[in-house]
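J.: Two chains, each in its own frame: build the complex with the hints.
These protein sequence lines are chains A and B, in that order.
All residue numbers for the first sequence refer to full-length UniProt numbering, where the first residue is 1 and numbers rise by one.
All residue numbers for the second sequence refer to full-length UniProt numbering, where the first residue is 1 and numbers rise by one.
Simulated from the structure, these hints should not be mistaken for lab results.
No residue lacks a Cβ here, since even glycine has one placed at the ideal position from N, Cα and C.
Each hint can be trusted.
With a cut-off of at most 20 Å between alpha-carbon atoms, the simulated SDA-like pairs for lysine to any residue come out as follows:
#: 1; chain 1: A; residue 1: Lys-64; chain 2: B; residue 2: Ala-53
#: 2; chain 1: A; residue 1: Lys-64; chain 2: B; residue 2: Phe-83
#: 3; chain 1: B; residue 1: Lys-130; chain 2: B; residue 2: Pro-98
#: 4; chain 1: A; residue 1: Lys-159; chain 2: B; residue 2: Val-74
Here's a subset of chain A near chain B, in silico, CB distances under 8 Å, partners left out:
#: 5; residue: Val-71
#: 6; residue: Gly-75
#: 7; residue: Ala-77
#: 8; residue: Pro-80
#: 9; residue: Leu-81
#: 10; residue: Gly-83
#: 11; residue: Thr-84
#: 12; residue: Arg-111
#: 13; residue: Gly-112
#: 14; residue: Gly-160
Not close to chain B: a few residues of chain A, all C-beta gaps over 10 Å, as computed:
#: 15; residue: Asn-2
#: 16; residue: Ala-8
#: 17; residue: Thr-11
#: 18; residue: Glu-15
#: 19; residue: Asp-22
#: 20; residue: Val-48
#: 21; residue: Ala-50
#: 22; residue: Gly-96
#: 23; residue: Ala-103
#: 24; residue: Val-153
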Amino acid sequence: MNAAQLTAWLTRFAELVHAQRDELTALDSAIGDADHGSNMDRGMTEVVAALAEAPPDDAAALLKRTGTTLVSKVGGASGPLYGTLFLRMAGAIGDGFAPALRAGFEGVLARGKAEPGDKTMVDALGPACDVLDAGGSLAEAAQAAADGRDATVPLVARKGRASYLGERSAGHQDPGATSTALLLQAAAETLGGVQGQGEEATP
Amino acid sequence: MTVGIVVVSHSRALADAAVELARQMLPGRELSVEVAAGTEDGGLGTDAAAVSAAIEAADSGEGTVVLMDLGSAVLSAETALEFLDDEVRGRTLLTAAPLVEGLVGAVVVAAGGASREQVAAEAERGLAPKQAQLG
Numbered sequence: 001m002n003a004a005q006l007t008a009w010l011t012r013f014a015e016l017v018h019a020q021r022d023e024l025t026a027l028d029s030a031i032g033d034a035d036h037g038s039n040m041d042r043g044m045t046e047v048v049a050a051l052a053e054a055p056p057d058d059a060a061a062l063l064k065r066t067g068t069t070l071v072s073k074v075g076g077a078s079g080p081l082y083g084t085l086f087l088r089m090a091g092a093i094g095d096g097f098a099p100a101l102r103a104g105f106e107g108v109l110a111r112g113k114a115e116p117g118d119k120t121m122v123d124a125l126g127p128a129c130d131v132l133d134a135g136g137s138l139a140e141a142a143q144a145a146a147d148g149r150d151a152t153v154p155l156v157a158r159k160g161r162a163s164y165l166g167e168r169s170a171g172h173q174d175p176g177a178t179s180t181a182l183l184l185q186a187a188a189e190t191l192g193g194v195q196g197q198g199e200e201a202t203p
Numbered sequence: 001m002t003v004g005i006v007v008v009s010h011s012r013a014l015a016d017a018a019v020e021l022a023r024q025m026l027p028g029r030e031l032s033v034e035v036a037a038g039t040e041d042g043g044l045g046t047d048a049a050a051v052s053a054a055i056e057a058a059d060s061g062e063g064t065v066v067l068m069d070l071g072s073a074v075l076s077a078e079t080a081l082e083f084l085d086d087e088v089r090g091r092t093l094l095t096a097a098p099l100v101e102g103l104v105g106a107v108v109v110a111a112g113g114a115s116r117e118q119v120a121a122e123a124e125r126g127l128a129p130k131q132a133q134l135g
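For reference, chain B alone in the conformation it holds in the complex (with noise of 0.2 Å):
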């Protein structure tokens, strides 16, 4: 089993593009990944009920590492895990990773079997590829 990957943004073509992209780094292998995007709508928003409905669709068993966009998206994971049973809340993470490069190096960690944690770690590093190319 694997950690479970949660991306909780405004735009659901936001999130879906984001996913396509990581998922580029796993041909082949499986990954639970799960969006919380967009409003009932279609517009853009996020949706707490949403967001824990989409931490319990990915849970395995191992967790879950949930990476967001900005402003209510931050606001509606936080407010989710209140909705979440205590031991699937207790393996939840939300990290302050960027959504995008966060979310490629959490996929390819988790699917090689790293810990809620390591994943974590690995999406919160997202941002270093681009600033050691830079200078």
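If we strip away everything but chain A, and leave its shape as in the complex, we get (with noise of 0.2 Å):
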């Protein structure tokens, strides 16, 4: 995986929040706190741009810099989280995808403390880290986050703001679970061909 393969995961991570920036605020607002749509918009747009502004030789820099770049950029929640997310995947992409997301996906239950069934984006990021680690595609990671997203609506909310609705959060969808979503969505369109083959395999 390199830094190019993973240039095109993020922007096309970027373009899929951008688009559906208002689904995902309209989700928060039934829920939380009606910024998740336009806080990823406006972090992943700065992400983009930092990497187009110096472009990272490396996958693990790459990474690295989105992680920081989301933590200071995002505003709430979802800084810390999809930050660590990043930032955990810098250490271990050297290993590949799978591990890497894996690794991500730990640095997200360590930050946030939930656990699956909390009704968080941790209900569709671990399904996908599990197919994957099972030897899944990319494309049946995406469909199994997609399945975690969709689960999360009779859920009862249990961290972040939701939590303080109580049994007023079941029936709506997670908007966390759903960016989770668009995330390993833009993974099977843009590394889908790429999965499993190391550093060295690409020029």
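T.: Spelled out as structure tokens, the structure:
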């Protein structure tokens, strides 16, 4: 996985977030503070700009830049959570995409202290990591993330602003799980053909 | 030298007002209180890089005690620790104290020369006077 491939992934994620910005914010206005779409759009726009301004020459540096940009620019809890995801991925990308995503997922768990079923991004990211660790494709991982996102609808939120709503959070799709499903969709679209290839296998 | 105080909030206005209220307790006395609050464009939000910069600015060698409001303020403060030198991180305490009441208690004992552990403990007792009054 090289820097150009990861740039394509993050650029596509930024496009998807931008296109669905209003939907993400609408989900967050139902059970949160109505800023997830605008926060993620601002953060990913900054990431794409930072990568274009001074393209990092290796995958780890690129992921680190992405993480440090997000923790600073997003504003909401998604900043430290997605930021930690990419910072941890930076430390493990040498082992491949799946181990890096798993390391990122563990970072998100440690940072947010959420568990599966708490109605968070964990509910989309965890199933995607499980698919990849079992040798599944990125398309299958993206489907698992989408299924995890859909499964957040009936859940009662136990983390974040939505947890203040208690039972009233049930019946709404979680915005964080929704943006995480976009992250995996972007990976399937841009990295699907290169998954599993080592650094040396790409020009 | 005294322990430094850092206030992390979603809102710059909220943080500045809390600091103003707390500083009423320190007429004529010096204390390093830094604020990391709001987004760059003046909106509501937190920035882990700004928090780590505030901790470095508030730390004069005796360490800092960090108070925060809720949600991403807590996550950003935890993330900020990763960006600090080991030495500075080792003398930084994040406290679960209530922001306004905790800050008032914290600045008083910090200005009096207490250790960071004492400052954090005082901040965490911040609700006690209100609880005693209301019974």
